[in-house]
Amino acid sequence: MSGNSIYQPQSAFMRWLERRLPIGALIYSSFVVYPTPRNLNYWWTFGGILSFMLGLQIVTGVVLAMHYTPQVDLAFNSVESIMRDVSFGWLLRYVHANGASMFFLAAYIHTFRGMYYGSYKEPREVLWILGVILLLLMIVAGFMGYVLVWGQMSFWAATVITSLFSAIPVFGESIVTWLWGGYAVGNPTLNRFYSLHYLLPFVIAGVVVLHIWALHIVGQNNPTGVEPKSEKDTVAFTPYATIKDTFVLILFCILFGWLVFYVPNYLIHADNYIPANPAVTPPEIVPEWYYLPFYAILRAIPNKLMGVIALVASIAILAFLPWLDTSPVRSARYRPLYKQFFWVFVIVCIGLGYLGSNPPEGWYVIFARLFTIYYFAYFLVILPVLGLVEKTKPLPNSISESVLGASGLTGARARA
Amino acid sequence: MMLKRSVLALLLAGAFAAPVTPAAAQLAEGATPPQLHWPFAGPFGTYDPGQLQRGLKIYHDVCSNCHSLSLVSFRNLADPGGPGYSAAQAAALAATYKLSPADHFPAPNEAVVSAFPIKPPDMSVLAKARSYRRGFPWFVLDFFTQYQEQGVDYIAALLKGYDKPPAGVTVPPGTFYNKYFPGHNLAMPQPLFPGQVTYDDGAPQTLDQYSQDVAAFLMWAAEPHLDQRKRIGFQVMIYLIVFAGLLYLTKKKIWREAELHP
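Protein chains in written order, with the numbering used here: chain A, 164 to 579; chain B, 3 to 264.
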């Protein structure tokens, strides 16, 4: 590739700075010459998109916080005031509210991509676990942000979710009172949620640094799951990955823009435009779409404590994935059976989301239970057993062989 | 392989087709409101100032007796993308209330409101706070067709939805049967009747026209920057699509070199 592999400061100032803080070299080695597998497909662009979304949520969130009032009598109207009276406040708020959805969409695609290509396998276990921690932090931060709007759905979601802690034996009730800062969801609850909602994105940013650090130690996985062996297997991060990531980021922004400018309330429950009222329970309490699969798992289990355990386990189990999957082959490309179970798993997750949006009665419950069984069986039975019995396809010798054909360079010339 | 296919088909069928809302839940939900034509629908939709002015008149003459509009200021009546009044006209309306233009629409008559068992809701965000269940697959298609008018369709339908209860259905005292209201027993008596409000622009003084005009006015009250949002949205979309095209071509050029000289 063009360029030097070692950073050489071009200006006198950068030479001066480099001797004192080698930040230029760090950026150069991490984001310019950093070798990325040449066969990465478009599913690998979501890491960059997630970084962008985190930055966007922080920027819009900080400005929104300048106009928001975390007080039970004023919160709802302060959000409405942002929508009406603040210059482009409607844009800030719709970008932030729908940004959460786009953030989760990207995070879920990123996670499914990791699962499909076995990106969690040795030596990327810590990288993967940091990702699961990020997902968990996002779930908590997103929930708290939703409560700040202080509409009916905000209030009742806060009540339902915090009440889950009451399922804990002996200490449950005390923990819930402690979380609320009182005997019901009220002003102290709103205040602490606001404080934590402002804090958590920076915790997420910190863990993102660790996530990227771990990534740069072990290197990126790729669609073949075969580690790069020679320079022929990689290309420089800039310009190759940068231009590809930017292109998909803009496509992602077109979808995002459609949501923000044309259907901004598509994902927002109408009841959340009714100010919070502790005296009136809404006909249905539904979380945001990105929590629906977990909500369906919670409600699929008749026992409250077991339901809460299943809810927590459904996320926590992801952290154990590197050891639950016993197959030595990473990529689903070479695992014909795994590939099918994986796609069924994706459909089950989407199906759980649909079931979570419907009342827990009749057929909905039966399907929610079947899907919950599959969800956990996928991790606890299918993956451990499959690795031992599955007959995998032969792996290519190298990335360049899989991209350019067995004859390597000649193949590329022939095509050109 | 065959088995896997059929398992997949079963899962799909189960998730998206088989579950039917039980009859009890169906009964509690109101009838599906018809979808009306709204000038502010779609990617190029804008409010019709004439319609908003008529809607304001209905709000002023009828709704405001019981319903507040606490988040809308008189000055908003002169904002761009609204009913199109001048600042002087907005001030003149405010003067009839003995308030300054910065003030909000006043709270309704407490003596009237206190007669109701339930406090009539504030109408500022009502058009976004009301909806109805769309169900699969409509809720998926709504994303693409940009159907965002569930609230106004519901409100317009509700205002016309008063009817005699079906045989065998008793309506509790103090409530009124409405086929679009979830549970059907609405505390609000029918508020609008044909010919009740005089229009000065020649628009028909029918219940259909009234209900649609006031619903449109409430949409503006709930989403006053809709015109600006859609206008900017179109510009953003054009920009992003052109930008994406250029990036794609640049990406192709850069990667072609990597493919030729690995």
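I should point out that these hints are in silico values taken from the structure, not numbers from a laboratory. None of these values were measured; they are calculated from a predicted model. The beta carbon of each residue, even a glycine, is placed where N, CA and C say it ideally should be. Hints should not be assumed to be uniformly reliable.
Straight line, CA to CA, 25 Å or less: simulated SDA-like cross-link-like pairs of lysine to any residue [said to hold, decoys possible]: (1) B/K253 to A/I375; (2) B/K255 to A/I448; (3) B/K232 to A/S565; (4) B/K253 to A/I448; (5) B/K253 to A/V195; (6) B/K255 to A/N202; (7) B/K232 to A/Y257; (8) B/K254 to A/V195; (9) B/K162 to A/P446; (10) B/K121 to A/I448; (11) B/K181 to A/D434; (12) B/K253 to A/V443; (13) B/K253 to A/G210; (14) B/K253 to A/F215; (15) B/K253 to A/I272; (16) B/K253 to A/S565; (17) A/K502 to A/I448; (18) B/K255 to A/Y191; (19) B/K253 to A/T444; (20) B/K255 to A/I417; (21) B/K121 to A/A399; (22) B/K121 to A/V443; (23) B/K254 to A/V544; (24) B/K232 to A/G210; (25) B/K254 to A/Y191; (26) B/K232 to A/W486; (27) B/K254 to A/G210; (28) B/K254 to A/P446; (29) B/K121 to A/F215; (30) B/K232 to A/V249; (31) B/K255 to A/P198; (32) B/K253 to A/T555; (33) B/K255 to A/K502; (34) B/K121 to A/P446; (35) B/K232 to A/I406; (36) B/K181 to A/V443; (37) B/K255 to A/I406.
What follows is a set of in silico ranges between Cβ atoms, one per label pair, in the way DEER data are often shown [claimed, not checked]: (38) A/H230 to B/P174: 41 to 47 Å; (39) A/S174 to B/P41: 53 to 59 Å; (40) B/I240 to A/W341: 49 to 55 Å.
How the hints compare with the structure:
1. As the CA atoms of B/K253 and A/I375 are separated by approximately 24 Å, the hinted pair is consistent with the 25 Å bound.
2. A C-alpha spacing of about 51 Å is found between B/K255 and A/I448, which places the hinted pair above 25 Å, so the restraint is violated.
3. For the given pair, B/K232 sits about 47 Å from A/S565 by alpha-carbon distance, which is inconsistent with the 25 Å threshold.
4. Only pairs whose Cα atoms come within 25 Å are accepted, and B/K253 paired with A/I448 is rejected, the gap being roughly 46 Å.
5. For the given pair, B/K253 sits about 16 Å from A/V195 by alpha-carbon distance, which is consistent with the 25 Å threshold.
6. A threshold of 25 Å between alpha carbons decides the hint, and for B/K255 with A/N202 the separation of about 16 Å falls inside it, so the pair holds.
7. Restraint check: the Cα-Cα separation between B/K232 and A/Y257 comes to about 13 Å, which is no more than 25 Å; the hinted pair holds.
8. Annotation: proposed proximity of B/K254 to A/V195 holds, straight-line Cα distance about 19 Å (limit 25 Å).
9. For the proposed pair B/K162 and A/P446, the alpha carbon gap of about 24 Å is at most 25 Å, so the pair holds.
10. Note on B/K121 and A/I448: the hinted pairing holds, with a Cα-Cα distance of about 22 Å set against a maximum of 25 Å.
11. With a C-alpha separation of about 20 Å, the suggested pair B/K181 and A/D434 falls inside the 25 Å cut-off, and the hint holds.
12. Taken as a hint, the B/K253 and A/V443 pair is broken in the structure, with Cα atoms around 55 Å apart against an allowance of 25 Å.
13. For the suggested pair B/K253 and A/G210, the alpha carbons sit about 18 Å apart, so the restraint of at most 25 Å is met.
14. Among the hinted pairs, B/K253 with A/F215 is consistent with the structure: their alpha-carbon atoms are about 19 Å apart, no more than 25 Å.
15. Between B/K253 and A/I272, the direct Cα distance comes to roughly 22 Å. Compliance with the 25 Å bound is thereby established for this hinted pair.
16. With a C-alpha separation of about 21 Å, the suggested pair B/K253 and A/S565 falls inside the 25 Å cut-off, and the hint holds.
17. Of the supplied pair hints, the one linking A/K502 and A/I448 is violated, its CA atoms being roughly 36 Å apart against a limit of 25 Å.
18. Pair hint B/K255 plus A/Y191 holds up; C-alpha atoms about 23 Å apart against a cutoff of 25 Å.
19. Simply put, B/K253 and A/T444 have alpha-carbon atoms about 53 Å apart, too far for the 25 Å limit, and the pair is violated.
20. Restraint check: the Cα-Cα separation between B/K255 and A/I417 comes to about 23 Å, which is no more than 25 Å; the hinted pair holds.
21. A threshold of 25 Å between alpha carbons decides the hint, and for B/K121 with A/A399 the separation of about 65 Å lies outside it, so the pair is violated.
22. For the suggested pair B/K121 and A/V443, the alpha carbons sit about 12 Å apart, so the restraint of at most 25 Å is met.
23. Proximity of B/K254 to A/V544 is assessed by CA-CA distance (about 43 Å); at most 25 Å being required, the pair is judged violated.
24. This hinted pair does not check out: B/K232 and A/G210 have alpha carbons roughly 30 Å apart, beyond 25 Å.
25. A distance of roughly 24 Å separates the Cα atoms of B/K254 and A/Y191; the hinted pair therefore holds under the 25 Å criterion.
26. Distance check on the hinted pair: B/K232 and A/W486 sit about 50 Å apart at the alpha-carbon level, beyond 25 Å; violated.
27. Proximity of B/K254 to A/G210 is assessed by CA-CA distance (about 21 Å); at most 25 Å being required, the pair is judged to hold.
28. Our distance criterion of 25 Å between C-alpha atoms is broken by B/K254 and A/P446, whose separation comes to about 53 Å.
29. Between B/K121 and A/F215 the CA atoms are separated by roughly 45 Å; this puts the pair beyond 25 Å, and the hint is violated.
30. Taking the CA atoms of B/K232 and A/V249, the gap is near 18 Å; set against the 25 Å cutoff, the hint holds.
31. Between the alpha carbons of B/K255 and A/P198 the distance comes to roughly 19 Å, so the proposed pair stays at or under 25 Å and holds.
32. Restraint check for B/K253 and A/T555: the C-alpha separation of about 34 Å exceeds 25 Å, so the hint is violated.
33. Under the criterion of a C-alpha separation no larger than 25 Å, the hint pairing B/K255 with A/K502 is inconsistent with the structure, at around 33 Å.
34. Note on B/K121 and A/P446: the hinted pairing holds, with a Cα-Cα distance of about 18 Å set against a maximum of 25 Å.
35. Between B/K232 and A/I406, the direct Cα distance comes to roughly 30 Å. Violation of the 25 Å bound is thereby established for this hinted pair.
36. The straight-line distance between the Cα atoms of B/K181 and A/V443 is roughly 23 Å, inside the 25 Å bound, and the hint therefore holds.
37. A distance of roughly 10 Å separates the Cα atoms of B/K255 and A/I406; the hinted pair therefore holds under the 25 Å criterion.
38. Checked against the hint of 41 to 47 Å, the pair A/H230 and B/P174 passes, with Cβ atoms roughly 44 Å apart.
39. For A/S174 paired with B/P41, a C-beta distance near 58 Å keeps the hint of 53 to 59 Å intact.
40. Checked against the hint of 49 to 55 Å, the pair B/I240 and A/W341 passes, with Cβ atoms roughly 52 Å apart.
Of the numbered hints given earlier, the model fails hints 2, 3, 4, 12, 17, 19, 21, 23, 24, 26, 28, 29, 32, 33 and 35; all others are met.
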